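2 protein chains.
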Amino acid sequence: MTELTEDRRMSLASLRERAAEFDAIDPLARCRELFALPDGVIYLDGNSLGACPASVGASLDDVIRRQWAERLIRSWDEGWWETPERVGARIAPLVGAEPGEVVVGDSTSVNIFKLAIAGARMKPGRTRVVVDASTFPTNGYIIESAARLLGLVVTKADPRSLGDVLGDDVAFVMMNHVDYRTGELWDMASLTTMTHDSGALAFWDVCHSVGIYPLEFDSLGVDLAAGCTYKYLNGGPGAPAFLYVRAELQSEFDQPLTGWHGHADPFAMTPEYAPAGGILRGRVGTPPLISMLALDAALDAYDGVSLTAARAKTETLTTLYIDSVDALLDNDVEIITPRNPHHRAGQVSVAHPRAKELVKELSNVGVLADFREPNIVRQGFSPLYISHADAVRAAEALALVLG
Amino acid sequence: MTELTEDRRMSLASLRERAAEFDAIDPLARCRELFALPDGVIYLDGNSLGACPASVGASLDDVIRRQWAERLIRSWDEGWWETPERVGARIAPLVGAEPGEVVVGDSTSVNIFKLAIAGARMKPGRTRVVVDASTFPTNGYIIESAARLLGLVVTKADPRSLGDVLGDDVAFVMMNHVDYRTGELWDMASLTTMTHDSGALAFWDVCHSVGIYPLEFDSLGVDLAAGCTYKYLNGGPGAPAFLYVRAELQSEFDQPLTGWHGHADPFAMTPEYAPAGGILRGRVGTPPLISMLALDAALDAYDGVSLTAARAKTETLTTLYIDSVDALLDNDVEIITPRNPHHRAGQVSVAHPRAKELVKELSNVGVLADFREPNIVRQGFSPLYISHADAVRAAEALALVLG
Numbered sequence: 001m002t003e004l005t006e007d008r009r010m011s012l013a014s015l016r017e018r019a020a021e022f023d024a025i026d027p028l029a030r031c032r033e034l035f036a037l038p039d040g041v042i043y044l045d046g047n048s049l050g051a052c053p054a055s056v057g058a059s060l061d062d063v064i065r066r067q068w069a070e071r072l073i074r075s076w077d078e079g080w081w082e083t084p085e086r087v088g089a090r091i092a093p094l095v096g097a098e099p100g101e102v103v104v105g106d107s108t109s110v111n112i113f114k115l116a117i118a119g120a121r122m123k124p125g126r127t128r129v130v131v132d133a134s135t136f137p138t139n140g141y142i143i144e145s146a147a148r149l150l151g152l153v154v155t156k157a158d159p160r161s162l163g164d165v166l167g168d169d170v171a172f173v174m175m176n177h178v179d180y181r182t183g184e185l186w187d188m189a190s191l192t193t194m195t196h197d198s199g200a201l202a203f204w205d206v207c208h209s210v211g212i213y214p215l216e217f218d219s220l221g222v223d224l225a226a227g228c229t230y231k232y233l234n235g236g237p238g239a240p241a242f243l244y245v246r247a248e249l250q251s252e253f254d255q256p257l258t259g260w261h262g263h264a265d266p267f268a269m270t271p272e273y274a275p276a277g278g279i280l281r282g283r284v285g286t287p288p289l290i291s292m293l294a295l296d297a298a299l300d301a302y303d304g305v306s307l308t309a310a311r312a313k314t315e316t317l318t319t320l321y322i323d324s325v326d327a328l329l330d331n332d333v334e335i336i337t338p339r340n341p342h343h344r345a346g347q348v349s350v351a352h353p354r355a356k357e358l359v360k361e362l363s364n365v366g367v368l369a370d371f372r373e374p375n376i377v378r379q380g381f382s383p384l385y386i387s388h389a390d391a392v393r394a395a396e397a398l399a400l401v402l403g
Numbered sequence: 001m002t003e004l005t006e007d008r009r010m011s012l013a014s015l016r017e018r019a020a021e022f023d024a025i026d027p028l029a030r031c032r033e034l035f036a037l038p039d040g041v042i043y044l045d046g047n048s049l050g051a052c053p054a055s056v057g058a059s060l061d062d063v064i065r066r067q068w069a070e071r072l073i074r075s076w077d078e079g080w081w082e083t084p085e086r087v088g089a090r091i092a093p094l095v096g097a098e099p100g101e102v103v104v105g106d107s108t109s110v111n112i113f114k115l116a117i118a119g120a121r122m123k124p125g126r127t128r129v130v131v132d133a134s135t136f137p138t139n140g141y142i143i144e145s146a147a148r149l150l151g152l153v154v155t156k157a158d159p160r161s162l163g164d165v166l167g168d169d170v171a172f173v174m175m176n177h178v179d180y181r182t183g184e185l186w187d188m189a190s191l192t193t194m195t196h197d198s199g200a201l202a203f204w205d206v207c208h209s210v211g212i213y214p215l216e217f218d219s220l221g222v223d224l225a226a227g228c229t230y231k232y233l234n235g236g237p238g239a240p241a242f243l244y245v246r247a248e249l250q251s252e253f254d255q256p257l258t259g260w261h262g263h264a265d266p267f268a269m270t271p272e273y274a275p276a277g278g279i280l281r282g283r284v285g286t287p288p289l290i291s292m293l294a295l296d297a298a299l300d301a302y303d304g305v306s307l308t309a310a311r312a313k314t315e316t317l318t319t320l321y322i323d324s325v326d327a328l329l330d331n332d333v334e335i336i337t338p339r340n341p342h343h344r345a346g347q348v349s350v351a352h353p354r355a356k357e358l359v360k361e362l363s364n365v366g367v368l369a370d371f372r373e374p375n376i377v378r379q380g381f382s383p384l385y386i387s388h389a390d391a392v393r394a395a396e397a398l399a400l401v402l403g
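Those protein sequences? They're chains A and B, same order as listed. Each residue of the first sequence is one higher than the one before, counting from 1 in the working numbering. Each residue of the second sequence is one higher than the one before, counting from 1 in the working numbering.
Misleading hints may appear alongside valid ones.
To be verified - If you anchor each label on the Cβ, the simulated ranges turn out as follows:
| no. | chain 1 | residue 1 | chain 2 | residue 2 | range |
| --- | --- | --- | --- | --- | --- |
| 1 | A | F267 | B | R121 | 43 to 51 Å |
| 2 | A | D197 | B | F267 | 35 to 43 Å |
| 3 | B | G125 | A | P214 | 49 to 57 Å |
| 4 | A | E361 | B | D61 | 45 to 53 Å |
| 5 | A | D77 | B | V165 | 47 to 55 Å |
| 6 | A | G163 | B | G199 | 49 to 57 Å |
| 7 | A | D164 | B | A133 | 47 to 55 Å |
| 8 | A | D62 | B | R66 | 17 to 25 Å |
| 9 | A | P27 | B | E272 | 39 to 47 Å |
| 10 | B | H343 | A | E248 | 46 to 54 Å |
| 11 | B | F267 | A | A133 | 18 to 26 Å |
Claimed, not checked - Chain B side only, calculated, beta carbon under 10 Å to chain A, not exhaustive:
| no. | residue |
| --- | --- |
| 12 | E33 |
| 13 | F35 |
| 14 | L60 |
| 15 | W68 |
| 16 | A69 |
| 17 | W76 |
| 18 | A133 |
| 19 | T138 |
| 20 | E144 |
| 21 | L150 |
| 22 | G238 |
| 23 | Y273 |
| 24 | G285 |
| 25 | E373 |
| 26 | N375 |
No lab work stands behind these hints: they were computed from the structure. Just so you know, these numbers come straight off a predicted model, no measurement behind them. Note that beta-carbon positions come from the ideal geometry of N, C-alpha and C, so glycine has one too.
Extracted from the complex, chain A is given alone in its bound form (with noise of 0.2 Å):
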């Protein structure tokens, strides 16, 4: 860092306490030890793809080893028949819903997929869906594809003028929580509440949220959302997603993917399908069960962790990083993340003409972060294993490959 000024060096030491206080009375701090994370690296990709937890290896192990080489096909009713609502349970606490309305299985999309077309077919008559135009593309894609097989019109519309769009013809508006580019965070309440007024389905991804915000779908009367697992809870290259339906829909719940998990009765083997009661009409079939068994065995990482403190600390490191960007480099990187803490999420994303050199740049001297079109450099701050001293070095690292 032979580059910094005299002034600069003067705010980096300062930063650098700031950091190690923070870190002194971080609760979380503990969780670090909990995951396998490479000597050097300072991880900030957690919002793309979680670090390993430590006790996967070993779960593992034991799925494989005796689950399923010695135990063979009886695990199924040891245990495994019952893991996607299982796994579901574990995490409907974090994202405030009841054990009954959450379940995982099939990738994000597969999900968007089954909540669009139930969706639509919640509010028959009504002939539009409402997705945000900066949605994460998947979902306008499968949105794109549900209203094609139902007939219906899709509006795209900026979080910050919803209410332009909404009306009585709309049956359900999907938002993302978090826009995956600039890390802006939207307001779930109010923007759940005016779904609510148009008469309309509140459907929501928190795929960029879950694990780090005290989500509170059931208070807040979410209807319907999806979200990943791989990103902060940690669960594993394309972990199986989750699907939530709020439980007073759930007998309305009349998904397109009627695979014999989601049947009343699957060993009956009937030739009609009658779905199961409940949030199990989500299930669709067989589940990757050793990936949903390293998801499981991931949330581990979450016992006894406050998401109010989960979500302080986000603040804070994000806050720091900004704060180190804005005192260490000239004006040459822009932050296009929202400054006020409260509009951003776990990742603070900055915007620089050559965003992808500078993600192998960094990558380099042992930052990870992502590149994301057209010139974005991401990164993302879990609050379980990134420290506010990694979030000032991070910021150095940047200004290091800035020259």
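Go by the hints and put chain B onto chain A.
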């Protein structure tokens, strides 16, 4: 086995001799040691959940401890992204297809849904779809759901009289290659030809034949197919299923689960969906990598395995089992699987009023089988790890538990 009469003891000796002769010249006998099977167990449930290949444990150790924990997000660029098509290409020769015709991902049920919607769209104006009446339930449920979305009528047909229901209004005929209850194997060649003669697409489910039968999708002109990988392919519980679309049809393959992994340029993250070329458009969301890489490792057991040899061995295994049941048991069980070996695949099903209890009692003496409603003991003979001696012993066990 004190219950055996003198005659039956003679029969048993002779059956054992035949088994020893077959086993002595079995080209697949070497495969047994590739599996981590518990001592003292004859595993006749490989048609439900294949045994665990011994190589899977070490492979997953590497996936968890190196690829995920150490390489982290970088693994997506180091081979993970291409896993669905790479593993699909390993399955392609097992079904008589080219590498670019098979992709792995999602459950069989979800893949049936993709193919049902896409298949119907390939035949606009045709208002009916046909499903075999004895289908594994999930296929029937899913096709009913697809038909409901598209406004089509579903006709259930006995494969023996398929011609009676065909007509120029049929978009596709979805058939299970093997009846999951009786084990009857249908003639894919003649049924595909008959289907094509009516102008419909031939859509096959090969869950119960892939890995034990030399499938010939390309040469028979099969149009669409799906199959699971956790039965004879030993991919592990809920291992992702595969999807086949004949090369000539891929440009028309307009499937409804338009997730970002099937996009022509996934990381461009454009707001409009544009399907990838070829079979890649069968991908949806982020696949369950840990389960998929377990399957990848499991497929090593098929290296150098001739499917002709596997098919021949399955015929001798099931024949010897049936002969043993005939010789050792009174007429208190009914073999409901065709006695002509050309009309069955890898399983033999016997009917008995106490079938459910029998499955438990067999398990107590080390023979693992399946119960299927209403009165069926279903036993699968995987040619990779079941010996002819096992087949005779399994019949002995059945005689024993029937007292």
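Verification of the hints:
no.: 1; hint: F267/A / R121/B: 43 to 51 Å; verdict: 33 Å, violated
no.: 2; hint: D197/A / F267/B: 35 to 43 Å; verdict: 37 Å, holds
no.: 3; hint: G125/B / P214/A: 49 to 57 Å; verdict: 53 Å, holds
no.: 4; hint: E361/A / D61/B: 45 to 53 Å; verdict: 32 Å, violated
no.: 5; hint: D77/A / V165/B: 47 to 55 Å; verdict: 38 Å, violated
no.: 6; hint: G163/A / G199/B: 49 to 57 Å; verdict: 51 Å, holds
no.: 7; hint: D164/A / A133/B: 47 to 55 Å; verdict: 52 Å, holds
no.: 8; hint: D62/A / R66/B: 17 to 25 Å; verdict: 20 Å, holds
no.: 9; hint: P27/A / E272/B: 39 to 47 Å; verdict: 45 Å, holds
no.: 10; hint: H343/B / E248/A: 46 to 54 Å; verdict: 52 Å, holds
no.: 11; hint: F267/B / A133/A: 18 to 26 Å; verdict: 19 Å, holds
no.: 12; hint: E33; verdict: 14 Å, violated
no.: 13; hint: F35; verdict: 8 Å, holds
no.: 14; hint: L60; verdict: 6 Å, holds
no.: 15; hint: W68; verdict: 5 Å, holds
no.: 16; hint: A69; verdict: 4 Å, holds
no.: 17; hint: W76; verdict: 7 Å, holds
no.: 18; hint: A133; verdict: 8 Å, holds
no.: 19; hint: T138; verdict: 4 Å, holds
no.: 20; hint: E144; verdict: 6 Å, holds
no.: 21; hint: L150; verdict: 7 Å, holds
no.: 22; hint: G238; verdict: 4 Å, holds
no.: 23; hint: Y273; verdict: 4 Å, holds
no.: 24; hint: G285; verdict: 3 Å, holds
no.: 25; hint: E373; verdict: 6 Å, holds
no.: 26; hint: N375; verdict: 13 Å, violated
Going down the numbered hints, you'll see the structure goes against 1, 4, 5, 12 and 26, while the others check out.
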